Amino acid sequence: MSDFINELKWRGMIQDIMPGTEEQLKKEITTAYVGFDPTADSLHIGSLVPILLLVHLQKAGHKPIALVGGATGMVGDPSGKSEERNLLSEEVLNYNVACVKKQLEQFLNFDPSLPNAAELVNNYDWFKGISFLEFIRDTGKHITVNYMMAKDSVKKRLEGESGMSFTEFTYQLVQGYDFYWLYNNKNCKLQMGGSDQWGNIVTGTELIRRKSGGEAFAFTCPLIKKSDGGKFGKTEKGNIWLDPQKTSPYQFYQFWLNASDEDAAGWIKIFTFIGREEIEQIIQQHQTDPSQRLLQKNLAEAVTVFVHGREEYEKALETTQKLFSNQKAPAESLSVEDLESIEGIVKSSYPLEKIQQGTEVLNFLTETAIFESKGAARKMLQNGGISINRTKLSDIQLVVNSAHLLHDKFILVQVGKKNYYLVVAE
RNA sequence: GGGCAGUUACCAGAGUGGCCAAAUGGGGCGGACUGUAAAUCCGCUGUCUUCGACUUCGGUGGUUCGAAUCCACCACUGCCCA
Numbered sequence: 000m001s002d003f004i005n006e007l008k009w010r011g012m013i014q015d016i017m018p019g020t021e022e023q024l025k026k027e028i029t030t031a032y033v034g035f036d037p038t039a040d041s042l043h044i045g046s047l048v049p050i051l052l053l054v055h056l057q058k059a060g061h062k063p064i065a066l067v068g069g070a071t072g073m074v075g076d077p078s079g080k081s082e083e084r085n086l087l088s089e090e091v092l093n094y095n096v097a098c099v100k101k102q103l104e105q106f107l108n109f110d111p112s113l114p115n116a117a118e119l120v121n122n123y124d125w126f127k128g129i130s131f132l133e134f135i136r137d138t139g140k141h142i143t144v145n146y147m148m149a150k151d152s153v154k155k156r157l158e159g160e161s162g163m164s165f166t167e168f169t170y171q172l173v174q175g176y177d178f179y180w181l182y183n184n185k186n187c188k189l190q191m192g193g194s195d196q197w198g199n200i201v202t203g204t205e206l207i208r209r210k211s212g213g214e215a216f217a218f219t220c221p222l223i224k225k226s227d228g229g230k231f232g233k234t235e236k237g238n239i240w241l242d243p244q245k246t247s248p249y250q251f252y253q254f255w256l257n258a259s260d261e262d263a264a265g266w267i268k269i270f271t272f273i274g275r276e277e278i279e280q281i282i283q284q285h286q287t288d289p290s291q292r293l294l295q296k297n298l299a300e301a302v303t304v305f306v307h308g309r310e311e312y313e314k315a316l317e318t319t320q321k322l323f324s325n326q327k328a329p330a331e332s333l334s335v336e337d338l339e340s341i342e343g344i345v346k347s348s349y350p351l352e353k354i355q356q357g358t359e360v361l362n363f364l365t366e367t368a369i370f371e372s373k374g375a376a377r378k379m380l381q382n383g384g385i386s387i388n389r390t391k392l393s394d395i396q397l398v399v400n401s402a403h404l405l406h407d408k409f410i411l412v413q414v415g416k417k418n419y420y421l422v423v424a425e
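Per numbering that gives the first Met the number 0, residue 0 is the first one in the first sequence, and the count goes up by one each step.
Honestly, the hints are just simulated from the structure, not real lab data.
Source: prediction; values computed, not measured.
You may find that some hints are simply not true.
Below, in silico cross-link-like pairs of lysine-lysine (DSS-like), each with a Cα-Cα straight-line distance of 25 Å or less [claimed, not checked]:
#  : residue 1 : residue 2
1  : LYS25     : LYS58
2  : LYS8      : LYS245
3  : LYS225    : LYS185
4  : LYS25     : LYS268
5  : LYS101    : LYS296
6  : LYS224    : LYS210
7  : LYS408    : LYS391
8  : LYS80     : LYS150
9  : LYS224    : LYS296
10 : LYS25     : LYS80
11 : LYS25     : LYS224
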């Protein structure tokens, strides 16, 4: 259990670390927590790193606590936000909390026979019983406004144009209280999180020191960015979610497979449990022939298996191979079985009758919901971004008819290079 | 409550009576080149069935042949004062 920090260090998963943290972890089985915001009904891959911190922690023999912010979610974390956020309704929040809880459960081991069994808590459970007066007298009294204003998350907003509500200003105290509560009730001595959480975390350790005279520790992991400066985890379709209903395992796999070389080399350390030597070997092999994209393949495999399981990974891989391995081959070479078993790409159905009569492409593309409007479809087509059965379209007047059907049943539509749609005529 | 500044498309930000669906940059999407990469170059980026039409510049009214632009009121935001 001693090499936990070292393990994270070589993986590049430690940004800031409080002095004494390593010693604490070496001394005894330590309980540590990470908080998750219920801002949506699913976690996305941005939350994957904190989850991995907990998994690494448990692997190293320590006890992980995953906290879902039922209470903090009602306040709104100002960290990294340039503007005040809208509050979620309680109803939505409760639903999100339930969803996020469910997702977290699959990554940690909750077996109660383990000395370091994972635990899942909701900070609403202890906040619901605390009155406002109680809170400002017992907790607020220990932290000065001067201290709170010095935090980056607050300072930026004070200097910026949009200001900050009292609600969001209070956030760090509320989160700090979580740590204090867990320290006293669960003997939790360590908090982890993204580096944007550093300020909030430190308020927690400060509160523990001033209120109970105890010592608590913390470290943060760097926020993941793409080497080109873009936002991590976003694609044209939005966030990459962990929920397979929102992001299919195939799309999930594709996201990792599309990582740039530079990103993949860093990400494989952070997002997989592959050992150091093996990773170095993969990187080396990758460099001898980058076009094989060994790095990306290994990365995508490991993460997809971790989140969706091996079976879903196999399907995603199979779909990938069908769609990409023989790109030059005519679409006709795909068998009925191939087409029928393609998983994870967007499928839509279309009346067979209409195809037999012949439909104009633009109608076809909008009526299958591949495009929202004819204008959008037209622009894409004129830009050369649409293929049907792997043949690029150039004619707006084209009529889609029976001749386009593969095996009398399917039409494979591509938007751009990577976005596939399978239209089933029936 | 008083004073000042502001509110423009996904974001930032120009535009201060007609030439404005609105400069520019970023982001996003598509294309070429590649390796389903990066860099580079090119195109698209309010809505709609192309030409063209329609709806936008915080809201509501008004002035005007004509308003993002002028006026009035309201709302919101920021800064300063009480």
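Practice task
Would you list, in rising numerical order, the hints stated earlier that this structure does not obey?
Solution key: Violated hints: 2, 3, 5, 6, 10, 11; rest satisfied.
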